[in-house]
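Asks: Spelled out from the first residue to the last, the chains are:
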Amino acid sequence: MSDSQSSRAGFKLKGDTLLKGTVGAAALAIVALIVALAYELYRGSAQSIFQFGLPFLVGRVWDPVHQIFGALPFIYGTVFTSVLALLFGLPISLGIAIFLSEKAKSRRTMKYVIGTLVELLAAVPSVIYGFWGLFFLKPLLVTYIETPLHANLGFIPLFAGTPFGLDFFTAGVILATMIIPTVSAVSRDILNAVPNSQREAMYSLGATNWEVIRGAVLPYARSGIFGATILGLGRAVGETMAVTMVIGNAPRISASLFSGGYTLAAVIANEFTEASYPLYLSALIEIGLVLFFLALAINIFARFLVWRITRGTRTRV
Amino acid sequence: MSEWTFAYQAVTGGQVNYAAVGSGAGISQVTANTVDFGESDAPLTAAQYSALTSGTTLLTIPISDSAVIPAYNLPNIGNGIQFTGAVLAQIFLGTITQWNDPALVALNPTANLPAHAITVIHRSDSSGTMFAFTDYLSDASATWKTQVGKGTAVNWPVGLGCKGNAGVAGCIENTPYSIGPLEIAYQIQNPTLINYGSVRNGAGNYVLANLTNIQTAVQAGGTAGLPPGNGVWTSVSIIDNIFNDTKDATIYPITTFTYALVYLSQTNQQKGSAIVNFIWWIVNTGQSAGGALGYPPLPANVVALDDTTLRSVTFNGTPIYTGP
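Residue numbers (this note's numbering), protein chains in the order written: chain A, 16 to 332; chain B, 817 to 1140.
Careful: at least some of the hints might be erroneous.
What the hints assert, rightly or not - Which chain B residues stay away from chain A? Per the calculated CB distances, all over 12 Å, these: (1) 869; (2) 871; (3) 894; (4) 917; (5) 937; (6) 964; (7) 987; (8) 1010; (9) 1026; (10) 1035; (11) 1100; (12) 1123; (13) 1124.
As the list claims (entries may be wrong) - Residues from chain B shown here face chain A by an in silico Cβ test under 8 Å; the list is partial: (14) 861; (15) 967; (16) 977.
Hint data in this document are derived by calculation from the structure and do not stem from the laboratory.
Ideal placement from N, C-alpha and C gives every residue a C-beta, glycine not left out.
Please take these sequences and the hints and turn them into a complete structure.
Replies: Below is the structure:
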């Protein structure tokens, strides 16, 4: 081996070490960040945890004047609105993704325009969605959806109450519109990544377009679409501004879509700035801790679901 | 406050950074010493006074006055539906649920109130406006006082929360048959957008809030017996003072001070001098700007009290204010 070769090898080695060190540090930073987050949330909420214990999680009263704090209405509201968001948002997102990847293949301008618009929507700040929801969407929903539903199906608890528009339903619809860009953009990329051989094999068997999508494309992309959904769910669970502007901010547990509610993120945003005594502040930070673990639990559950569904099947994307 | 910082900068060239974080945050950031001065619609509570770093004195300086109005959205009905404190308390407790409730009809026999459920709106974020309103309801109703109480954030028995004063106004504007407490500044700046009712005062008259009757209320309930700037202001309440006032016929009963909170001993000469000059300007010259914004001027003896308080602010033991 000549001198020049060995020095080059030495340099390469150094570069490798450097690279390994930097990317390793970046990865460790994430771990450190999560630990620091959890620790700080725990430290801040220690007073509330000590005072209320586990009943904090099932307490239904939130009364800062009398120093009684319970998180259940906020947990309920967060889960309820997020489920609604998925229910409304997922089918539309999948529709967009399938259209863009399967149907608009030959129409390049249309594909480009719609694809760009979807990505643009993902960048709209949530407070804008909140404004739009409060001043435009809410009156429309009240007039054309909530009032007729209530008038005809009001005997079902889900549609009981008074439809004024500041409720779980409006919050769910706003959240759905907010997760659609994310879920559809990611799903589209995943569907695009399904190899054409999958489609061609199915077509060669004489399948129709829909049969190809249902039988070859969607099953292949299943785990990826689940991933996209979890991404959307993550946004819905933690969304603050848009929700607080339309949900009514009433700590209530009601089966009705037309009842005012409250979410974990919204109560922190509303009351954090004004928490006027230490226990109050501590209770709000514990709400943050609950939100942190709720998001974690949803992620773990979703991963478990992906594992159960994809176990033994041929999914690659 | 932010309008004042603009006006102050335009007139004097002095720059003040003011962050509108709400009364509670204002208070907690001042007590935590992270800001140089704070503004709040509610005086410090006993707990907040005791949370101050020992040895420091926080001065309370009333810088303007304001009022809370019952704003509503009743199709085809304008300003001036009449309320009493007791009826307002029942509406916000959820015991009066219909606009044509006998109690409301008795107060408004000619108003043709609709047979429609009342949608109650309140602030979702804690605020000095809600402190004033719940203070008033506590005076008017024993049930409210024990069940809900007064505070910048309370456990509202009924209703929906909207964020910020403008948020409450927005919710009322686009929710027919709703009612909610609103700081009057919004109505004065947007008189065509929102209607509001009159409230019965101690003398038995129904008063539709305006700058004049708010000022009369401050004269009646906010001038006598005020503590010195370095005293304890927890129990100062114009609302409480005028609740049973029978001699002032025109006062508006839900009237309150807005306060600036400043440390007695400043730790930075330049900053301290900027703060003192700014608040001096608000209290003395800036009051005329307040009227257009919906804040009537302070009575002369409150201005005099504030001036005394501001003269007491020191840096290194020397008074900061050097002007006339």
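Asks: Could you run down the list of hints and mark each one as holding or not?
Replies: Hints and how they fare:
no. : hint : in the structure
1   : 869  : 15 Å, holds
2   : 871  : 20 Å, holds
3   : 894  : 22 Å, holds
4   : 917  : 16 Å, holds
5   : 937  : 8 Å, violated
6   : 964  : 7 Å, violated
7   : 987  : 7 Å, violated
8   : 1010 : 15 Å, holds
9   : 1026 : 28 Å, holds
10  : 1035 : 30 Å, holds
11  : 1100 : 30 Å, holds
12  : 1123 : 29 Å, holds
13  : 1124 : 28 Å, holds
14  : 861  : 6 Å, holds
15  : 967  : 4 Å, holds
16  : 977  : 3 Å, holds
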